[in-house]
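Once you have looked at the hints, place chain B on chain A.
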Amino acid sequence: MDVKVLTMVKTSDLFERWRNLQVCTWEQNKMEANNFKASLSRCCNAPSFLFTTKKNTPAGTKLRYEVDTSGILPVTTEVFKMFPDDMPYNKSQFKKCAVIGNGGIIKNSKCGKEIDSADFVFRCNIPPINEKYSADVGTKTDLVTINPSIITERFQKLEKWRRPFYEVLQHYENSSVVLPAFYNTRNTDVSFRVKYALDDFDSRRGVFFFHPQYLLNAQRFWAVHGVRAKRLSSGLMLVTAALELCEEVHLYGFWAFPMNPSGVFITHHYYDNVKPRPGFHAMPNEIFNFIHMHTRGIIHVHTGQCS
Amino acid sequence: MSGRCCRSKLSVWAALCVLVLCWFYVFPVYRLPSYEEIVDEVSRQGHAWRKNHTGIHVYRKLLTECCDPQRIFAVTKENSPIGKVLWYDGELYKSHTVSNDTYPLFVQDSPLRRPLKKCAVVGNGGVLRHSGCGRDIDDADFVMRCNLPPLSKEYMEDVGTRTHLVTANPSIIEKRFQNLLWSRRSFVESMQAYGSSYVYMPAFSMQPGTEPSLRAYHTLADARSNLTVLFAHPDFLRSVGAFWRGRGVHARRLSTGLFLASLALGVCDEVTVYGFWPFAAGPDPGRRPVSHHYYDDVLPYKWFHAMPEEFVQLWRLHTAGTLRMRVDQCSPPPPDGGEGEERVGTGG
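Chains as they are written, first to last, in our numbering: chain A, 1 to 307; chain B, 1 to 348.
Do not rely on the hints blindly, as some may be mistaken.
Result set (EDC-like, lysine to aspartate or glutamate): computed pairs, CA atoms no more than 20 angstroms apart in a straight line [said to hold, decoys possible]:
| id | chain 1 | residue 1 | chain 2 | residue 2 |
| --- | --- | --- | --- | --- |
| 1 | B | Lys51 | B | Glu270 |
| 2 | A | Lys157 | B | Asp222 |
| 3 | A | Lys160 | B | Glu270 |
To be clear, the hints were calculated from the coordinates, so they are not data collected in a lab.
If we strip away everything but chain B, and leave its shape as in the complex, we get:
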């Protein structure tokens, strides 16, 4: 009796081993260049970048075919009438049926109207620190930011002040604002930094995130805030995830930054991304140490995101001219039209 039990346990272990091996075969870690190689390549490339119109078109077409960001990036009254079932993209077999409670919280239809000319996607990488990119970022027609980043005065020069869309993860609502169950004042006050932008929340990705996201809506509506809460459409997140998985990004979940970059590639004529730098050493010749975020150095949960893989993808798009990635210093404010300052910090 006990022997049989052991044998059956053994076979389970064997199956597990095979699975793990398969996993390593399908998602090999070694295929990715080491991070020194990436950093070297980036610093070799330097400042040079040329826009590639056909690349931009091709990519927009690809993304429109796969994910249709224009139409379904957010849950709207139009694409999600009462009774529609939204399947959570971060969980198996969990769904939310649009009801009388949730339907009124949706915007009428897609708030993103093409053409958006210049878009800036601002990641929170420590590489932004002392970059002086604030003016460049604020120059864009549409500025997207990730995860309610601080925009206080001390960062203004590096990250700018304008925001048109900012994402908010339910986990932040939970950690920083006690799930909005108690006092909501600090949340409302800290949201004032984003003016009258869109707050983009993945309410229907993971089930524990739904309540806090809806609560964020209630809070901002109660406070008569100028912000508009948009709920990410799980179908959009799922299809963008599949799109990048097909291109070799393997992670349990894409980072918010890559979602936003994909959105931007799908709806903007010109995309510049800032603050995407998942490495501890900078791209400058001195390889100065770079903190994880521009505002702190708290490392994320290790196996959740695959930042270096995502970076490589975006870097490829940069070298192809489809989007522009800024990891260097932006030109400092010209004291007297100083064009010669252009190459500062690129090590060229």
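Isolated chain A, as found in the complex:
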């Protein structure tokens, strides 16, 4: 596979090729993109299975967890009540989508305006989007993921105060939130609590849970394409979903190297420099894959400055 070839290339070579590639303007390759979307909808079908819904997960069924394969969650009426009636998005519903990674590459990119002009904006792990960063990352948010570990660490599992959490979410205007509630058994309670907490404050924000089967299928799909990891990053999950829900997918802030393509060192995230657990995500692999898809005209990866 081409991705594997890419991983063998030296990083400096890759950077040079990537820099040279920037001379050309990106244009979508309709045929490649449609083929790719067709194979994605065969495997994963985000327009019906991205989230658990009342339609795809009837009360009484048993949900199998993504990693705790022995763990099974019976969908009681209490759980069922939290699901939306049906998937809120349709196939290729949005023309231009932006998926925002939290990489330090986006710092000083001045891409905020361009991002805000997209029809649908995905973000990962409730990143800060205040005035300090909005020039680079924009403010528009339509769907944002929350990792349950954030709820556990920053908000004490929502067992104590809840208003601080509610107020953090207020920054994301009408955005819906999505949680991997059925990744493992530990995630479920905190994820459900997010739904309850927002209900406490009469919030009408959508709260969705990734369907574990969708994530498993996506993981398998990408493994075939050379992205093997214990777990997909939230960014890749969103890109996967975006490819089916949008006509054109633009990526900002995805870059897994300590320096930008011109060799200048960058921070890990645009807002901090906290490194993740090693060996959990296969970030460089994911990026190679994105670069590969960029060259094929399926997605547009932005790493430079926006005009």
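The following block gives chain B in isolation, referenced to the frame of chain A:
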């Protein structure tokens, strides 16, 4: 080998028997008059009651000396600075050290300012049903209630509507509101019945109660509620417990009602208690059956509280004129200044 083992087991059993006998000697059950006797006495006494100013003073002094309700009935920033160790009064050798997490939840200083003139302590006894005491209760300057009782319209006439202090047991938070771990809306909504009163929680009595109590604070603060959560000071609860134990109330734990009555005796000029009636038959001549609570008939765990003993204590204070206990019907709303209705239901 096995014989010795048996012998040592025997001695353990013997020691246990002696302990049990001692227990019965120290805390005899028979010393308490039977409940028919109590009910008879109460109905004989009827409506008559005379306030005894010296009795009130003496009692306030006693309670201030033993328990200082004014100062330590609640945990405050003043009496519990960061680093102070609060010893749980319901458990052995368990303590909570006031930390940066808990200190900000305390009120600045004691919210009870003397003099409070007329206080009403409202128990939840079934005797309140059809008592028509709602107006009397609402007339008081300070109304205390126990364990988040329902104050819905159907009970309004009997229990009133105003509340200045209501106690909330952590066990209720656990049972009725799933420990506030899931949706908190029903809790916030049901608390609206108590207006802007104090919610008095024994957070530091038993260890399992601490988290739910703090969570109740967080919930009400998050909801920007008008209620103020007060945490009972374990020293206060312990000393009140000792005070009544010295007067012959033997129970693992005093009822909330007696804690509140003690608090009221310590800070109010005039105390009237309502709804304290732990017997299944009423004080009226017909001995009509009385439910356990005015809102339900769920009996409590038997050996936990010693309600009849507590009742006898309060009844003694009533006969002495130190506090007033209402177990009869309160005067119905005067249609035309009807003084003659005063003795209805007393069987006099």
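**Item:** Hints breached by this structure
**Value:** 3
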